[in-house]
Amino acid sequence: MRLPALVAALVLAMTVSTVASDAREQAKEQLKFGIEVAQHNLWREAISKFERAADIDPTYAPAWNNLAIAYEQQGDLAKANDAYQKALKLDPDNQYIKQNFDLFREIHERTLRQNSR
Amino acid sequence: MNVRFARTVVSVAAVVVTASCTHFYEIPIETPIRPKLDVSGFQRVLVAGFISGGTDDVDGNVETTRLLRSQLRTKSDLRVIDADTLPLVDVATRRDPSAAATPAPAIREAKDLVTYEPVFANVAYWKDIGEEYQQPLIVTGTVLFIPQEQSRPVIRNEEEYDNFGRRTTRTVRSYQELKGFKLSLNVIFIDGRTGAVIHSIRPEESNSYPSNQQTPALSAYFELMDRIVPSFLGTLSSQRVKGTRFLLQ
Chain A
1 MRLPALVAAL
11 VLAMTVSTVA
21 SDAREQAKEQ
31 LKFGIEVAQH
41 NLWREAISKF
51 ERAADIDPTY
61 APAWNNLAIA
71 YEQQGDLAKA
81 NDAYQKALKL
91 DPDNQYIKQN
101 FDLFREIHER
111 TLRQNSR
Chain B
1001 MNVRFARTVV
1011 SVAAVVVTAS
1021 CTHFYEIPIE
1031 TPIRPKLDVS
1041 GFQRVLVAGF
1051 ISGGTDDVDG
1061 NVETTRLLRS
1071 QLRTKSDLRV
1081 IDADTLPLVD
1091 VATRRDPSAA
1101 ATPAPAIREA
1111 KDLVTYEPVF
1121 ANVAYWKDIG
1131 EEYQQPLIVT
1141 GTVLFIPQEQ
1151 SRPVIRNEEE
1161 YDNFGRRTTR
1171 TVRSYQELKG
1181 FKLSLNVIFI
1191 DGRTGAVIHS
1201 IRPEESNSYP
1211 SNQQTPALSA
1221 YFELMDRIVP
1231 SFLGTLSSQR
1241 VKGTRFLLQ
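One line per chain: the protein sequences are A and B, in this order.
If you're matching positions, the first sequence starts at 1 in this note's numbering and goes up one per residue.
If you're matching positions, the second sequence starts at 1001 in this note's numbering and goes up one per residue.
Here chain A stands alone, though its shape is the one from the complex (with noise of 0.2 Å):
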């Protein structure tokens, strides 16, 4: 009795993972093909592929980080904002997104400043 039951868990803990797996790779290479349009100065094309990016697997950080430096590229900060939290909820600890993130929040607080005077 309890056997099949384990062996049911364990195939269905093997599909989550192929599946989370899949999903990790196709965000991947949603982020590649952003990464190089970003780097051609195509930042409405590179937003789509990190938004596509973020939707086949929102537990992807980077996806969420290159989505906010998207945003600020195009001057949706508050888009931006949130997505370099989600990046950061993902992943706390990462250097790179903290640092985009501070350089980031300098400017916006200083343009959310000047906007209530």
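Take the hints with a grain of salt, since some may be wrong.
To be verified - DSBU-like mimics (lysine-lysine), calculated; alpha carbons at most 30 Å apart, straight line: (1) A:LYS89 with A:LYS79; (2) B:LYS1242 with A:LYS79; (3) A:LYS86 with A:LYS28; (4) A:LYS79 with B:LYS1075; (5) A:LYS86 with B:LYS1036; (6) A:LYS79 with B:LYS1036; (7) A:LYS86 with A:LYS32; (8) A:LYS98 with B:LYS1242; (9) B:LYS1242 with A:LYS86; (10) A:LYS98 with A:LYS28.
The set of hints was computed from the structure by calculation and includes no laboratory data.
Knowing the structure of chain A, use the given hints to seat chain B on it.
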């Protein structure tokens, strides 16, 4: 000591682990900061002049007009209209029948400006100006550049030697006299098509120098305007902040 050492090791390890697991690409970006005021309906801007007061050493009207025009020429997409500054003090007093016969009172402090401020709400006057210059965005307002003095406590260490040549230090507290200026602007943006005020900002900055330091009033004025100009430009035109970020994979 052990705890600090352990923390250092952990943070270094975190960086190494992050770096080893993540591919990164440093990329230059330019973050655009949107202007506070939508000026897409205007092609031209007229910095019409300012009602100014405070010290006589600087003509706040002429200097502010000249500086803002030159900044707009290089940092905004609007075409800057070259025209004589409007004699706003005269306009304001002439329109007030009770003040017409007497000379305009000197503007030394903020409350002196109150007499003149209604001119900015004179929709008919600004609409006429707008028609004259093909309905631009009009920039005007008040400038108050006031000298100020203050003293601040200063703490310094003095060395002393006793009879045996031993050095001791003692803390001496004194006051330092400072002179400086306060610059207060009220920048008013008027729609040249309707003559109505559409926006205003009130930046204010001050500086101070030791009283024995001779700082020309004009230098102090430009130092303060350097701090004010970004918020003025941020109202009218988008700014770009350059930087670099790390894209990750």
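Now the hints, each set against the structure:
{"no.": "1", "hint": "A:LYS89 with A:LYS79", "verdict": "holds (15 Å)"}
{"no.": "2", "hint": "B:LYS1242 with A:LYS79", "verdict": "holds (19 Å)"}
{"no.": "3", "hint": "A:LYS86 with A:LYS28", "verdict": "holds (17 Å)"}
{"no.": "4", "hint": "A:LYS79 with B:LYS1075", "verdict": "holds (27 Å)"}
{"no.": "5", "hint": "A:LYS86 with B:LYS1036", "verdict": "holds (28 Å)"}
{"no.": "6", "hint": "A:LYS79 with B:LYS1036", "verdict": "holds (18 Å)"}
{"no.": "7", "hint": "A:LYS86 with A:LYS32", "verdict": "holds (20 Å)"}
{"no.": "8", "hint": "A:LYS98 with B:LYS1242", "verdict": "holds (18 Å)"}
{"no.": "9", "hint": "B:LYS1242 with A:LYS86", "verdict": "holds (24 Å)"}
{"no.": "10", "hint": "A:LYS98 with A:LYS28", "verdict": "holds (21 Å)"}
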